[in-house]
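Model the placement of chain B with the ligands on the given structure of chain A, informed by the hints.
There are 2 protein chains.
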Amino acid sequence: MHYKVILRILGILLMIFSFSMLPPLAISYIYNDGADFAFIAGFFITLVTGFLIWIPVYRVRQDLRTRDGFLITVLFWAVLGFFGAFPFMITEDPHLSFVDAVFESLSGLTTTGATVITGIDYLPKSILFYRQQLQWLGGMGIIVLAVAILPMLGIGGMQLYRAEIPGPVKDSKLTPRITETAKALWYIYLSLTIVCGVGYWLAGMDVFDAVSHSFSTVAIGGFSTHDASIGYFDSLTIELICVFFMVVSTVNFGLHFFAWRQRSISHYFKDPEFKFYISTLLGITLIALIVLIVTNTYEPAESLRKATFMVVSIATTSGFATADFAHWPAMLPFLLFVATFAGGCAGSTGGGMKVIRVLLILKQGYREIQRLVHPNAIIPVKLGKKPISDRVLEAVWGFFSVYMIVFVVMLVALLATGLDQVTAWSAVGATLNNLGPGLGNVSAHYGNLNEPAKWVLCFAMLLGRLEVFTLLVLFTPIFWKR
Amino acid sequence: MHYKVILRILGILLMIFSFSMLPPLAISYIYNDGADFAFIAGFFITLVTGFLIWIPVYRVRQDLRTRDGFLITVLFWAVLGFFGAFPFMITEDPHLSFVDAVFESLSGLTTTGATVITGIDYLPKSILFYRQQLQWLGGMGIIVLAVAILPMLGIGGMQLYRAEIPGPVKDSKLTPRITETAKALWYIYLSLTIVCGVGYWLAGMDVFDAVSHSFSTVAIGGFSTHDASIGYFDSLTIELICVFFMVVSTVNFGLHFFAWRQRSISHYFKDPEFKFYISTLLGITLIALIVLIVTNTYEPAESLRKATFMVVSIATTSGFATADFAHWPAMLPFLLFVATFAGGCAGSTGGGMKVIRVLLILKQGYREIQRLVHPNAIIPVKLGKKPISDRVLEAVWGFFSVYMIVFVVMLVALLATGLDQVTAWSAVGATLNNLGPGLGNVSAHYGNLNEPAKWVLCFAMLLGRLEVFTLLVLFTPIFWKR
Ligand SMILES: [K+]
Ligand SMILES: [K+]
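Going down the list, the protein sequences come from chains A and B. Position one of the first sequence corresponds to residue 9 (our numbering), numbered consecutively onward. Position one of the second sequence corresponds to residue 9 (our numbering), numbered consecutively onward.
Which copy is meant is left open, because identical chains are indistinguishable; a pair holds if it fits in one copy or across any two.
Restricting the straight-line Cα-Cα distance to at most 30 Å, the calculated cross-link-like pairs of lysine-lysine (DSSO-like) are:
id, residue 1, residue 2
1, Lys191, Lys283
2, Lys489, Lys371
3, Lys371, Lys390
4, Lys371, Lys394
5, Lys283, Lys393
6, Lys489, Lys393
7, Lys489, Lys390
8, Lys283, Lys489
9, Lys489, Lys394
Think of the hints as simulated: they come from the structure by calculation, not from any bench. Small disclaimer: the values here were computed from a predicted structure and weren't measured.
Bound conformation, chain A alone (with noise of 0.2 Å):
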């Protein structure tokens, strides 16, 4: 491990991120909302920490490895996480404690959109910014990693993608073509928040609020500036809006990329996992419509509405509420999760095991049928016309039971802590799947939990963000050898 370009690395970064408290302060000096203390604080603290950890090492200068990716992966997340949590331990409102502020940050940074703070609508201007903006930040960082540097460290979907062998790029440098992709990537992750935002503007929204939701709708995040979330506007059309781009945004950006590049549309409808995303969350809206209208919960149009709304927000792992859909009838909150495992598709800001993942699990599972039957055939997966190696198909079932397995032990150490198991298990999936609600007590916010509870749930959404292997891997000996 090369700990001191690592240091260097992590120094740059908290440098670099320090900045980012500077809009909210400017924020909190429009709005003179009295937060602007914190924010100040955060800056120094971060900054100065940043500094600290890189002046001593800031000549050092080495090519970095695979292994080394893994560690500096994990202390981006992690490492932010604790820092981006000063404001909110320091400002007078919301006064969150440690581990409350760390879990906000995360769940901010992670864009999973779990929160433990109650009377949203009445928090500083300041702090409601820098919260959409941690998500925003967030969901920067997660189109590099899932495009760019997971893949080099042989994790993550976009090298089923490319139908490749999986593992790192062959001489396990990582090389600066990550900035050159980044830049393209940012583009269009930019182009698509100006775009969103305008719209909300447009649709009736206030300056502030369009901003802020832009921010977190293409960030997958979920994070609003009101307790009734985008319910709060109660606008056909601002619902509209979202719905799309909470779609294009769980889209694979490598096709936006390819649509950026080529003007052309037509490569979307013959993505295999695009189309398989599109007719899920068409039948999963369409169930939702019938057993709404089928157990008179809202009158039709109201269904359609509700139903579309809320099947797309939880699907795509986005997390907006229009609906208390943990209330909603029969097996709807439960499918509606069981969406959010599949989660947005590859190479996108979407959380869950990612589509394309749960589309090569059903076409394996289909084939071991097909074995039964036909023994000695030699049946291919395929992806659209492409066979998919049998390395990459071990990838998918080893990340597969792996996400199971890390889901039954948290939720294990959730129900230890004493929570009902409605509670325990929402928790879980909308964490580890960077959802944000749940059911039962965390329907609404996260506040209520106990502490050890919370600390797992933390964990929960940096497994999830970091496609689980990347964090794991840090916690096997193996890892650490030599």
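Showing chain B with the ligands alone in chain A's frame:
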């Protein structure tokens, strides 16, 4: 498909099965419990139907092929479950509805042990005996199914054991070798039953209870002749005998076979599945013990006694009770249920996914993590010292994911009928894993569920017992395609 031969086998099967109504009939006369007509009617209905099916095709002789094997295996349990239901419908007490009778009968034959009946202590002796006997016969079928038939169909844990390529035996005919293997296994099964029954009797049960409980113990069935289950006897000796035989009956019968032939027991401790199984049982017992003591649920000595019995009973998928574990504190109910998903060893009467599959999943999950650290290393998954072929591993993955998918789909179905989440998930888990008792509203019995829910659970019991694939394959078009 060779339908005529299949019908011939089915006819013979029914005629043989009809004779299983005679022992309960004898019991009915001995105790003069008034249920005699139910068994006379059941006997003739089953015998005559079997005869009528058999007579038009009794001359047909054709070699069966793998595909026929699937259909016969599924029909075996489904048809016997159906005809086994007659006595429950005909008798005055309990005068069960159609769905309840089928549920009870299938629950017996699949050795699930979930019951819709309350007031078991007051049932006619013959009905009690019949229920226990259903489980014992079911267990007999399972041993042959697991050790001889499923491997031929390319399903199940036993072929993993041999670490050979799964898939049917070379010429894909169902050879008469089954008879030979079956005979040896039944000797072992019968011997275990006798020793267990004598043990119960010596420990203080009356002859009727001793025989009845020996039936359901070695079959890992869990039916009892008392509402309070094994707790009724309040005897440490009986509990220890029960624990011993629950463990023995969930160990691979192949190991017992070897022990019988070679007069040796050392091979048990060289078997990776056995070692992992025993360690897991001990580990979970220890956790349960600590939690029960720390939470002051029982006195320490009582905690040890209850923890040992209940962990073994639930983890082996037996489902006997000496305590209401569904209301044990913290994560214990959930943790015991997780163990149920692993279930017994391959080639035993236990339910669940089978220990060996879980072991291989854990090993391969860990391999995926190793591969991240050493991307170019070739790391085989080993069982003991034998590397496991990719084809076998794929079968395990396929099983695991299909099991999970089936679990989720049936859970959605149950929730759609209006059950609460805890009742629903535990009911699916308890039936799919052939455990018996669930949590929530099904912790005592299944009588209060609605009819659609009961049908779904009947299907779950069958799916679980037939290792999912055997039944699922019948629902694919390719199975029926010439
Ligand atoms: K989210
Ligand atoms: K059972």
